[in-house]
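Colleague: Each chain, written out:
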Amino acid sequence: MSLAIELIDITKRFPGVIANDGVNLAVEKGEIHAICGENGAGKSTLMKILYGMQPPDEGIMRVNGEEVHFASPTEAIAAGIGMVHQHFMLADNLTVLENVILGSEPVLSGGRIDFKAARTHLAEVSAAYGLSIDPNDLVEDLEVGERQRIEIIKVLYRGADILILDEPTAVLVPQEVEALFVNMRELKAKGATILFIDHKLLEVLEIADSITVIRQGKTVATVKPDDVTAGDLAELMVGSELPIPDTTESTVTDRVMLAVRDVTVIENDRPVVADVSFDIHEGEIVGIAGVEGNGQVELIGAIIGTAAASSGSIHLGGDDITKWDVRNRREAGIGYIPYDRQGEGLLMNAPLWENAALGHQTKSPYSKGWWMDREGAREQTESIREEFGVKTPHVDVAPYALSGGNQQKFIVGREMTSGPRLLVAAHPTRGIDVGAQASVWQSIRDARASGLATLLISADLDELIGLSDRIVVMFHGRLVATLDPSTITPRELGSYMTGAGATSTEAANS
Amino acid sequence: MNNRLRSIGLALAAPVAAFVFATVLSGIVLLIAGSNPFVAFGDMLRHGAKLETIIDMLNRATPLYLSGVAAAIGFKMGLFNIGVEGQYQMGAFFAAAAGGAIVLPNGLHLIFIVLVAMTVGALWAGFAGFLKVTCGVNEVISTIMLNAIATTGMLAWLTVKWRDGALSTNSGTKRIEESGHIPNLNWFVEIFTPDIKNSKELSGVIVIAIIVGIAYHLFINRSRLGYDLRASGINPRAARAGGVPPKRMIMIAMLASGAVAGLVGMVDILSRNNRYDQNFTPGLGFAGIAVALLGRNNPAGIAFGALLFAFLDASSSILQITGSASKEIVTIMQGVILLAAVVSYEYVNRIKEQEEIRQASIAVGAVAA
Chain H
1 MSLAIELIDI TKRFPGVIAN DGVNLAVEKG EIHAICGENG AGKSTLMKIL YGMQPPDEGI
61 MRVNGEEVHF ASPTEAIAAG IGMVHQHFML ADNLTVLENV ILGSEPVLSG GRIDFKAART
121 HLAEVSAAYG LSIDPNDLVE DLEVGERQRI EIIKVLYRGA DILILDEPTA VLVPQEVEAL
181 FVNMRELKAK GATILFIDHK LLEVLEIADS ITVIRQGKTV ATVKPDDVTA GDLAELMVGS
241 ELPIPDTTES TVTDRVMLAV RDVTVIENDR PVVADVSFDI HEGEIVGIAG VEGNGQVELI
301 GAIIGTAAAS SGSIHLGGDD ITKWDVRNRR EAGIGYIPYD RQGEGLLMNA PLWENAALGH
361 QTKSPYSKGW WMDREGAREQ TESIREEFGV KTPHVDVAPY ALSGGNQQKF IVGREMTSGP
421 RLLVAAHPTR GIDVGAQASV WQSIRDARAS GLATLLISAD LDELIGLSDR IVVMFHGRLV
481 ATLDPSTITP RELGSYMTGA GATSTEAANS
Chain W
1 MNNRLRSIGL ALAAPVAAFV FATVLSGIVL LIAGSNPFVA FGDMLRHGAK LETIIDMLNR
61 ATPLYLSGVA AAIGFKMGLF NIGVEGQYQM GAFFAAAAGG AIVLPNGLHL IFIVLVAMTV
121 GALWAGFAGF LKVTCGVNEV ISTIMLNAIA TTGMLAWLTV KWRDGALSTN SGTKRIEESG
181 HIPNLNWFVE IFTPDIKNSK ELSGVIVIAI IVGIAYHLFI NRSRLGYDLR ASGINPRAAR
241 AGGVPPKRMI MIAMLASGAV AGLVGMVDIL SRNNRYDQNF TPGLGFAGIA VALLGRNNPA
301 GIAFGALLFA FLDASSSILQ ITGSASKEIV TIMQGVILLA AVVSYEYVNR IKEQEEIRQA
361 SIAVGAVAA
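As given, the protein sequences belong to chains H and W, one line each in that order. Its first residue numbered 1, the first sequence is counted upward by one per residue in this note's numbering. Its first residue numbered 1, the second sequence is counted upward by one per residue in this note's numbering.
Just so you know, these hints were derived from the structure itself, not from any lab. Among the clues, some could well be false.
[Unchecked claim] Simulated restraints on C-beta separations:
hint, chain 1, residue 1, chain 2, residue 2, range
1, W, Gly-107, H, Arg-374, 46 to 56 Å
2, W, Thr-134, H, Glu-375, 15 to 25 Å
3, W, Leu-108, H, Val-256, 51 to 61 Å
4, W, Gly-107, H, Glu-375, 31 to 41 Å
All values reported here derive from a predicted model rather than from experimental measurement. Where is the CB? At the ideal position from N, CA and C, for every residue including glycine.
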């Protein structure tokens, strides 16, 4: 079979990182080809290169055998490549038809849109690829899975026969994933080529014809799903750095640091966190597992004080902090590694030493009384830089100049050096390289040994299992299971996260 | 330290480039209008170098600076306080009315008037802050409305309530007694030159402006509250997670901005007219926004912007006399300077960012050869 896409030695550098380092990829026509890799492995960069959003620094790209140099997505589309982004780009108040033709409307004389032609063409495309959709539906009335189908149809409507799907299952519930896979198989049967980015191993094994694994910007292997197990894939993805469940002995004490009781958070008249209760002891790491959007963000908000709990109570080391504001809670010793480091953790164009003070500006060494202590803050930033290996020329640099991994190490350092009693760590290693990841893990473990209570929220199941002393599963705002990380496998955990519990795990295994 | 010099150089490059560009462009406009730009600019420079013009310029720069600082406090918090215009007129009006109604001992009277002006300015701005915090009303909308209420509403009130029989053509508040006048600084000018005429006075309000400038610097760049304010302005979400209450910061920023705005009218009230009447200088609030933008909200930068705009205002009066050009050319120049400055700041910023990113990459050592 001939190749739809061929990449040879593609290299792309960003300040401080090599996102793609000699990537080789061969996608055959009419196959579903999965690209696997951890967050930050370089998958997204590769897709952006393929879709013409960024030019590669080096390397050769061939589409259907011809060498291409895309300057923009428009050129990629012209070459038959279409991309379905993880975040949908749809206008809610327009119909399906209007959304599909948006940007490539057939025009009659006088600038009028030829809806008739558009409708006919849409019907042809839907029929050709077996994707059913009512063109008159308003997008705002549609479910997530249906919206995704519109995104796929949009791409097909523009004549693409090579589809790039960027983590398409991340936003879907299990039934929708099944529906998506049915559609993908249909597309494949009609001759389309699908490039599919994912890091959920079971899904990849189920749907893909070939799997290419990327690690630290390099392609490490291309395998067939029949030849590998999920475990093999995981090992390929993380390399020798496969996190081994924490074998150091437990440091969990009997002193409760955080006590959450029956906490409910209401948002838009809906309980997004419902009757959640749990304890974290000194020296304990409690991991929260869950598909994103199941109330984790709001639970964090209730604990650090940015979201109000409508009922229930939160105690920190014996104090009832339920009614405290964020500042009082931070001063009482809550450290916070936010899930969105640039959005919630950094002042992107203020110098690092000012960033170091953020969240701790009321305490020494960052301030003295009413005044900021510039010298103290600088010295503290210097020591964060040294101790946590933040690579920066000096502490007057603003965070935008640093790579994601260095930003993250800086945030971790900032929170750790402030002497927290409770650390709320949301995705502490998301999107950072393996080296930085190991050092972040190590500092969390060290702090745990000295009595820190940690709430860990992560989408990386290996991280959750490897670091946590106890794992609770959050589903639709509730804690639905408590698990022992020393006996659970990522696969079992995954099925708990979908709300199915252990029974469906066995079904999936059989 | 070489880095520091470089960054100062970069910071100055933008406004200087903007000024040169504006001068050239205004020159072209003058040419098209049939005037000789060299003659016109020459007139302005010659007139601007005179002592009287310099005093005019300083008296003009003083309120511009205060107005610029008022706007800058809002900008630092990410708030667009367009309401400085209304806040300073309200502040000035009530300060003049209160100051004219009573007589206090020397000094005390002065302080009383200043405090009334600041309080009224703060309340007027605080109202917009309150609306934003409680109902989510955008401060741009509310301050525009409050401007309209203040400027037109007050004028109506003035003509009805304070019509003065003796001065029927110029109604205004009761004249403030001597004890509520700020001493002029002519003695200071005389240290340098004995030529000062009694007809020209350097207003003592410039001292207030200097104090405000220093206080602004200490507040924004040195105090913890100022840090909270800036953090909220740069990234409200991160500031909130860092324990900065966003609503309280909005109120503080609006109150502080309004309090400084209240001082803008003090040159008129404390030294020039000693009352609020129809000779009161309008428009300083809007000019202050321009001055703050030109000075990048930096205490020294705003002073530079205020002096530049004041120089153009003061020196241009000669154009009407010599007839070498229309006086309005200065308004065009101010507009072009501002636009050009905003563009060149953005450009210089980009150069700076690129440089920092490059330096950071070198530090990481990950830039492949």
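Colleague: Next, verify each hint and record whether it holds.
Modeller: Against the structure, the hints come out as follows:
no. : hint                                : verdict
1   : Gly-107/W <-> Arg-374/H: 46 to 56 Å : 36 Å, violated
2   : Thr-134/W <-> Glu-375/H: 15 to 25 Å : 40 Å, violated
3   : Leu-108/W <-> Val-256/H: 51 to 61 Å : 60 Å, holds
4   : Gly-107/W <-> Glu-375/H: 31 to 41 Å : 39 Å, holds
The structure fails to meet hints 1 and 2 from the earlier list, while all remaining hints are met.
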